[in-house]
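**Student:** So the protein sequences, as listed, match chains A and B.
Just so it is clear: in the first sequence, position 70 is 70 by our numbering, and no numbers are missing.
Just so it is clear: in the second sequence, position 97 is 261 by our numbering, and no numbers are missing.
These are computed hints drawn from the structure, not numbers from a lab.
Predicted, not measured: the structure shown is a model, and the values here were computed from it.
All C-beta atoms, glycine included, are put in the ideal place defined by N, C-alpha and C.
Hints are supplied without guarantee of correctness; some may be wrong.
If you only want the chain B side, here are some residues facing chain A, beta carbon under 10 Å, derived [stated by the list, open to error]:
| hint | residue |
| --- | --- |
| 1 | GLY174 |
| 2 | THR230 |
| 3 | VAL238 |
| 4 | PHE250 |
| 5 | SER263 |
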Amino acid sequence: MYLDIVMLVLMVAGAFWAVMASNLLKAAIGLAVTSAILAVIMFRLDAPLAAVFELSVCAGLITVVFISVISLTRPPVGTEGGEGKINILRRFAFLPLVVLIAAVALGMLSFKPDFSSLLAQSPEGDMRLVLWGQRQLDLFGQVVVLLAGIFGVVVLFKERGKQK
Amino acid sequence: MENLFPLFGGLVVILMIIGLYCILAAENVIRILIGIEVLTKAATLAIVLAGYMTGRVALAQCLAITLIIVEVAVIAVASGITVGIFKQNGSLDTSELKSLKG
Chain A
1 MYLDIVMLVL
11 MVAGAFWAVM
21 ASNLLKAAIG
31 LAVTSAILAV
41 IMFRLDAPLA
51 AVFELSVCAG
61 LITVVFISVI
71 SLTRPPVGTE
81 GGEGKINILR
91 RFAFLPLVVL
101 IAAVALGMLS
111 FKPDFSSLLA
121 QSPEGDMRLV
131 LWGQRQLDLF
141 GQVVVLLAGI
151 FGVVVLFKER
161 GKQK
Chain B
165 MENLFPLFGG
175 LVVILMIIGL
185 YCILAAENVI
195 RILIGIEVLT
205 KAATLAIVLA
215 GYMTGRVALA
225 QCLAITLIIV
235 EVAVIAVASG
245 ITVGIFKQNG
255 SLDTSELKSL
265 KG
């Protein structure tokens, strides 16, 4: 239980860091830290394969994509586009307060729904069997989404090449 | 099975608040993308938590993996668009994106 609370605190701190860091590079690293802690929570919730995906794809690949975009779009020195440190702090000043109010409200509500009617009647079996046996349409959707993503990136970078 | 719903359910709500606040308050396109990422993490955690609480962990993992793949495609395309916006306008400030203004 203590480990869960530590994970919760670390993940909220990582999310705050990702959102409120004045430097975008630090914000991207904060997002990677948040993903890594989410992967640990997924292990805790008996979802190791999803946790490995989260760790490798979200904490790895997406961070690399963000850092490349930040390096490609670095504005000239002195033109930060309204993203100064004081500006960020002023803009996100109410966020800790909103989160604190939400946490207190959730603690007061102490919402504990009964999941007994939703419990699985029979054991599901292995995740691979569910994925390949019952969720083939999801796999088809994943392939289509990935192809759409690749096609989108290729077209967008092609446009950039033409403009040069 | 330990009842982890109050703890991690609260975490899901807090992450959603942080992500939504970031999307609404930020003016930099990359920071808005980071807000979308935080929101997606809340959704992933909600799916895995629901699977854990109902004993359908395998199904929840399948859905979480699908969500992660969609997330990657969204971020890849959004990053390309962000680079395009920067090449077009020389800035990522959303208040300066007025080329579609009527």
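**Student:** The structure should be examined with respect to each hint, and the outcome stated for every one.
**Tutor:** Hint check:
Hint on GLY174/B holds. Least Cβ distance to chain A is approximately 5 Å, under the 10 Å limit. Restraint check, THR230/B versus chain A: the minimum CB separation of about 5 Å is within 10 Å; hint holds. With 10 Å as the threshold, the beta carbon of VAL238/B comes within range of chain A, its nearest partner Cβ sitting at about 8 Å, so the hint holds. Taken as an interface hint, PHE250/B checks out: its beta carbon lies about 4 Å from the nearest beta carbon of chain A, inside 10 Å.
Against a cut-off of 10 Å between C-beta atoms, the interface hint on SER263/B is violated, since the closest Cβ of chain A lies about 14 Å away.
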